[in-house]
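Both chains come to you apart, so use the hints to assemble them.
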Amino acid sequence: MPVRVRKRVFSSNRVLPYLLLVPAILVVIGIIYPWLLGLYQSFTDYSLLNPDKMIFIGARNFADILFSKKGLHTVKITLLYGLYTTSIELSLGILIAVLLNREKKGTRVLRAILPVPLMIAPVIAGIMWKLMMDPSTGVINYLLNTIGLPGSKWIYHTRTALISIAVIDVWIFTPFIILIILAGLSSVPQGVYEASAIDGANDFQNLFYITIPIILPYILLACVFRLIDSFKMFDLFYVATKGGPGDATMNIPIWSYLTGLKELRMGRAMAGLQVLWVVNYVVAFVLLRFIERIRKMR
Amino acid sequence: MLKKAARIVILGLFFMFLLFPLFWIISYSFKQEVDIIAYPPKFIFKPTLQNYISSFTGKARASTGIFYQTKSKLPLYLKNTFILTVGSLFVTILIGVPASYSLAKMKVKGKQHLTFMFLSFRFLPELAVILPIYVLFNRLKLFDTYHGLIWVYQLITLPLFVLIMHSFFQDIPQDIIEAAYVDGATPIKTLIRVVLPLCGPGIAAASILCFIFAWNTFQFALILGANKTQPITIGLLTFISFQEIQRGSMAAAATVGVIPSVVFAVLSHKFIVRGLTLGALKE
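Those sequence lines, one after another, are chains H and S. Residues in the first sequence are numbered consecutively from 5, following the working numbering. Residues in the second sequence are numbered consecutively from 122, following the working numbering.
One chain only, chain S, in its complex shape (with noise of 0.2 Å):
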């Protein structure tokens, strides 16, 4: 009796640590300027949407009530961030759907080695790769450009999304591929008729999984892009940089650029095992 309260009690503590950052950080956002600094801090508060629409339109609101207009970026920011990830996404399912099947199932010399590769991509440091590619870039006038930044965003997506299929596509038994086979399809046929549609759930997973990881990276964009592209993890830095921490837009601004990845974490939680093992452990 005693012991089950006591789990429940490590439990509940554990969930409360996880979650009260969050309510924290989604209350910032809706607390007028003057009970956000109040000390001790509020807990009861007259919510406002004041910091929404300063973050998003730049219309801001001094203490002294008097509204005044600042360049506001977040919907540059949110526009940059979905450029970067739709468009390194469908870069990395164009290349990736077709990588991962031939080493999942086709005959391929090395392909242990070719799998154990995209595997230790995983383990890079991913600035051992952005720095001399800063220097490169600046040379081949790819700075600060979608199309360059994309290109490098697949060191992140295309090994992930490689090894989470290559995990699906050894999911299929190899009779329904042989069947095929013999009714007289090509490989090609085979895998667009046959195996795609079974893979459907795969590639959403690893789409899912790929999208989040894409919208949250950060040293890509810092290092490789500036005004142009940059995305809503730099965006939210700027926020601090002025001489006073505009904490209210500021948590307003996280609060947007968080929903995606948590409504996809919901949505994911299923097969996130799977995806952030990289396909070495499932469900």
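The following block holds chain H by itself, in its conformation from the complex (with noise of 0.2 Å):
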């Protein structure tokens, strides 16, 4: 009797679950069709000076950002950025959370002041650090020089500047990294260390040869995420910068900014946009094919 009752509801409600889907499904419509809007505009010469003369000049934005000096010099920038980024917050992420996790007492303080720099609009944390960044009045090259180091221009000059932005990028992301790999630590039984000791290992190589390998999947995906979210990074550098000094921060988000609503030429603008798009997904769809292979080894 329960058997037939099941069928019965589940027959007659075959159209539910579509239902339920339909307004997501419309918002998310309307998030599709500019986009593809915007995906045919970069085929075009599209330009708010002119927006009734649309001409399908097929790949030729494209090819200018990818092979002209300009072009490249964007990707670079965008390319760096998320290396920068990535390698140091990785890095200092995974020290720290190691660190933490080797720590039972006291860390709970420690673990609830986390998320706060994570929390903080990336705009407020940029406004913050530009103040603190000023190479004459700022607070930060006064306690350099109080320690005998020399101050720097921050992002006043061309060879730091897209280092400082990676800097406020570290202090606002780290915990992101360092949140995600306490995750994945605290799935790490206990014996294994207990059985390198044994073999007489040192704490180098059991982060190394032990730990790393052991939370591999963790790494990769908050690597996935840092990537990603770094090579599409606006508010930071139109906060600090704007793609100055000269072109030195210029990534694509800020110049597709500046192409797009400065200079109007808005085909130009979402060739940018695609090439980052494309860019992302294929990091993604790379980095969580490879992290399944890994989940499903073990």
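In short, the hints are calculated from the structure, not lab data. It cannot be assumed that every hint is accurate.
The calculated DSSO-like cross-link candidates involving lysine-lysine, where the alpha carbons are at most 27 Å apart (straight line), are [said to hold, decoys possible]:
1) Lys232(S) to Lys300(H)
2) Lys266(H) to Lys73(H)
3) Lys109(H) to Lys125(S)
Here's what the structure looks like:
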């Protein structure tokens, strides 16, 4: 008798799951439609100066971005920023997470503090750091000078601007990595370290030959999120330098913003964003597949 | 012994690095203008509430001691941020709960594709959607409107909410749902009477994270908003574009703007990992 009731209820509600999804699908269409519009525009010379005259120019926008000197520079800055931030945050994050995991007492407060820089609006963090990194009146140069190190021009010099923004990024997002790695560390069986202690392993060997291989999926997951988010980082770049000085911090999002809304060349701007989106997608796909494979092997 | 000391020193330095900027900006907000621009920077100073008063009421105090009235928009910024954040959260919950329940627990053709699509929105550069919408909004007269922005905010909040709820819904054993069916409940009744109460914490967790993300967004209001709808993330920048940087007032405004995020961050630290990795990892 129960089986018959269940069957009836299910079959008369085959439509319900789809109905529940309808509003969300509508919103999704509302997102995809503009994106498709932008995709089409990236193959044209669409400019806001002449919105009615849109000529199909094929892949010329893309060729410009990928093969011109300026275009390659923009791509380079984008990738370089991702590299700087992800590598620093991963190394620092793993180190701090391992240390935190070691200490059992008194780390509850520290763990509660961790999300704070992460949850502050990046714009606000950018403003805070911009004030602190002022070359002449900022507190950071002052503190550096006090301990005998030279100050820096931070975001105002072409050589140091990108790294300066990366520092802000490290401040905001290292806790993200730490939280993920901590979750991973809690899944490491305690017996492993005891066994390695018997074999006479020291701390470095523990870290590199045992811990890191075990938490590799977590490291890669953190890597995916950070790489992709830093490739598309806009807020920090806008607040700190808007692409300057010169074009020392001109990454793809800022470049698209300036090209689309200041130069009004929407077609070109959209092309840059499609390139970015494709790169993100490929990175995500490859890394997520890799993580899946590792998980399956275990 | 030495190793333990080294570990504590490293941890200490790192957390000082994390906390120092916050203390610095909060101390700015309590400093008089004279102390703010002092160099070498003053760590000990006489505190004042003047910055908070000026940023809220617009009454500023010149260095000569005279009060002058400027127009302060901080209350407007806070109001806007609140409307946009709570409004989009409301819409997201309304749309997201049924959608993610359907994807998590019901028979839907291609649900993996749909779920993956929500995930891929996380990787999409927002500008790729915002710039085309900029033109569309001008045509549709949605530029600089609350409802227009609330709809666009869904790009950030809806995928996040759906995926977090997806992971919480999956935690609910199928037996409970089947038991409800056997007792004769319709799927909707099951959802409302059985599943939702169980998922209360999950909805709270997802809502808190979506609240934080919506509160912190910048790009949407920058490009698709103007004077009427500026949230505080945009509003803070206006403190800089005057001839002088009103550092004190800006610090006070920034501190106020940061308070909800910090409060929610501390409240949410238990489920933050699940939320930020979109359900891929549980604590």
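Evaluation of the provided hints:
1. A hinted pair counts as satisfied when its Cα atoms are at most 27 Å apart, and Lys232(S) with Lys300(H) qualifies at roughly 22 Å.
2. Pair hint Lys266(H) plus Lys73(H) holds up; C-alpha atoms about 21 Å apart against a cutoff of 27 Å.
3. With a C-alpha separation of about 13 Å, the suggested pairing of Lys109(H) with Lys125(S) holds against the 27 Å cut-off.
Checked against the numbered hints given earlier, the structure satisfies every one of them.
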